[in-house]
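K.L.:
Spelled out, the chains give:
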Amino acid sequence: MRRREFILHGTAAAAGLAAGSALLPRALDARPAREDWLADPATRELAMRAVDAARQAGATYADVRISRNRSQSLGTREQQITSFNDSDTYGFGVRVLAGGAWGFAASRDVTPDEVVRVARQAVAQARANAATVKRPIELAPAERVADGKWTSAMQVDPFTIAIEQKVDLLLRANAEALKVQGARFVTSSMFFLKQEKSFASTDGSWIEQTYYRAYPSMTITAVSADRSDFQSRQSTDIAPRGMGYEHVTAARLVETAGRWAEEAVAKLSAKPVQPGRYDLVLLPTHLWLTIHESIAHPTELDRIMGFEANYAGTSFVTPPADYLGKFRYGPDFMNIQGERSTPGTLSATGWDDEGVKPDEFLIVRNGVVNDLQTTREQAPWLADWYRQQGRPVSSHGNSYAQNWSDVQFQRMPNVNLLPATSEVTLEELIGDVQDGILIDGDGSFSIDQQRYNAQFGGQVFKEIKNGRITGPLKDVAYQMRTPEFWNSMDAIGGRGTYFIGGSFFDGKGQPSQVNAVNHGSPAARFRRVNVINTGRRA
Amino acid sequence: MPARFISRDEAESIARRTLAFSTADDARVQIQSSTHGNTRFARNQVSTAGDAYDATLAVTAAFGKKVASASTNRFDEESLRSVVQTAERLARLVPEDPEYLGELGPQQYSRTTAFSEATANLTPEQRAAAVNAITRPAEAQGLISTGFLDIITGSQAVATKKGLFAYDTASIVNLTTTVRTPDGTGSGWAGDAANDWARLNPGAMAERAIRKAQLSRNPRAVEPGKWTVILEPTAVANMVGLMMGSLDARQADEGRSFFSKAGGNKIGEKFLDQRVTIVSDPGSAVAPMAAFNGQGLPNRRMLWIENGSLRNLVYNRFWAQRQGREPTGFPAGFEMAGGTSTVEEMIRATERGLLVTRFWYIRPVDPRTILYTGLTRDGTFLIENGQITTAVKNLRWNESPVFMLNNVEMMSAPVRISASESGDVSPAVVVPAIKAHDFTFTSLSDAV
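For the record, the sequence lines run as chains A and B. The first sequence begins at 1 in the working numbering and counts up by one. The second sequence begins at 539 in the working numbering and counts up by one.
Be careful, since some hints might not be right.
[What the hints assert, rightly or not] Cβ-to-Cβ under 7 Å is the rule here; a few derived chain B residues that face chain A:
hint: 1; residue: ASP904
hint: 2; residue: SER960
hint: 3; residue: SER981
Calculated from the structure, these hints are not laboratory results. For every residue, glycine included, the Cβ atom is placed at its ideal position computed from N, Cα and C.
The whole structure should be built from the sequences, with the hints applied where relevant.
P.N.:
This is the structure we're talking about:
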């Protein structure tokens, strides 16, 4: 539909509106009119129309997000394409406070009539919920953002790269992997996302943001000649990022596929681990996930306060007053930072989904719990702690929704283990291990609902004897209890060992939503951790 | 207000208009639409609630064996034309897929019973009232309830250039609650799922969770190791679902599955207890599933496990043709046969064992044995000399459903359960409670 026709259709759709329709001479139809729809003044007019409708229906607060997600996925196995999909979704969601309760409604029909209907529906939803309210919701103050704009640190738009080029890259990587004797099966994929998102609120804010994400990956499976064993190696040392196609180029899949294949084959003949206590040297390609599960999730304030008790769980960090400034998470050199500002990371943003500019904050300072992840609803719950610290009660900007059809709630920022201030090398960490295991890459992972007891596998395991790597191991997983584990950390690497890992699909919430998040970490050493053998005969 | 979704006539019209834009040799259109409603509660009050309406249309275009797909959620003429053009542009560019078999022509489908007016017409007020039926008794007993009511009502359609048209509707509701004691030492869970809202009883569900929360206070530690367990139906479904997800025939034939063996797969082999029989059936009254898959292939009644023997693996169209078998469809939901024992009888017949309500954070460890790890949660109890004597701390397990289903001692009548870990709506699953021996626990958890 051309712009002219679009206006015609939009006007026709608005014709049935009562008072107020004349204010929208260029209303949007149920599709973005142009590629630059986000900057189109009509988008802002529609969002404001929804905000006004919510306010008129009795909302004491309302925010509106209109967004468009374009994604592209490409899957291959061996020398053939298994899938190629291009997806485009567009719609809006309205969140309101009425009677002290939240209400939310969303629709794909981004039309003048529908934004009003949905805004009113959200208010009706809140009123239905208000009957259960015992503690009305209060929001921490947020600065008005009159005209915010932000875009991911992206160099090459992945949607402009020729499909043949993407396919060729994956098939060449697959071919390299299959050159390794014993490597029998290989799959590879690319996933790209471009999300354009607007935000408007009764606070008078208007924000336009554009996000790019890229995730290339491979899995290589080796099968023993007698088919009695098979082992896989995933490319978990290539993390997803909030970047463009330059991240795929930098991943060097073709150049690295052979090594991954060799590591899969080596597992077939690797020595099964003897269960017992070992010193562990964990590379950041692995450790990011342990940080994610045992530090980042337990310091989410909604979880701590019981809001996730029915699914994602609660936290051992509760009540907050007993932990903030008191609980020793790990050694003095342990500093855990929350941030949404590192360029090219998955959680990076200009403003969160409540229009709050995120800050950098230390969740763990010198080994002690110092702060927690918050939204506008949650920050007032820590008012006493912030007052003691001489800090204002304000959100850290940790609100996020995966799409327009989902309500925003507390999701983690990038949560990083900061490296040593001196340049400690990986060799130095290994050199002080008499009987240990090095783990590279993330594998199986599981942790209890309060984040105490966890079990982690990996991709590649190497035996360490007397300060040197001696050979490959397999069937390795370690079990730990969070406080003891982090207090067993006796050294971390310097900036030279630092790597940013992450996940595209971190789940939480009901209905469950995914959050894309990175975790930076140096290599680190842990003493006498319980290791089990996961091999078992059928 | 009633749930919104695309009607059969609308779907047919949209599909026809979309396919009219196609210039490809072959093309398929899939249309999905739904209203997703939910009410979430925490600390004895609603925390969030919402309704979202969405519809998506996916086009698969093929030039010879060059195939690609594109999707959109906008259905105006220009968007429909555009999504077809995108799919066709992509299809022209990608290499041939040697496994592409072309699209299907007209098919016959079984009738399903997955749609319920009562569910489709549920109002926010009725949802809030259902939540109140849980939060009020919990609060009255000094407990803290948290939970989730999730509802999806929608339709799906598939059409091809070769004349296939399939349309089906479904509505499913899932209600779960976790009730915790204020001192943080006890937690109980209950959940139910149905297609028809009228079959749920939030008050009775609340009672179950409240009773478990009260009984689970101040758990004591037991030693990890091999235990006799009584798994309530939700825990059974958590385990059995892992095996059902491993039934891929191609992986088995290629030597990368528990179901592999030299020269082929284990179809015909007996590897589970004699009493284990598992089917999936779109026409089931208690566990209906979709009448067709995303290619328009009819789902039919499938016997997967019969009296402990593997009767079938999952064959897609390509692998079925290559191996000379019929394609099977994927068992999104399933029904497992049970026995005649009650959970109370299982407890009375247990000298020393553990009663498990549900599992949590289940993740794969070793595909060679379908070995998974996970933890017990929200109601784990010690059984001594035929009765529950105390709550116990939660435990981590490293176990395979194959081993568990080999060690069955007693089974109850099967029931429809809330099967998803997340509490979101999920395919229908019907399973019994099971008493099994030698279930492997590897460590203790302090989590309540």
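K.L.:
So, for every hint listed, does it hold in this structure?
P.N.:
Comparing the hints with the structure gives:
1. ASP904: At about 5 Å, which falls below the 7 Å cut-off, the nearest Cβ of chain A leaves the hint on ASP904/B intact, so it holds.
2. SER960: Since chain A brings a Cβ to about 4 Å from SER960/B, closer than 7 Å, the hint holds.
3. SER981: For SER981/B, the interface hint holds, since the closest Cβ of chain A sits about 5 Å away, which is under 7 Å.
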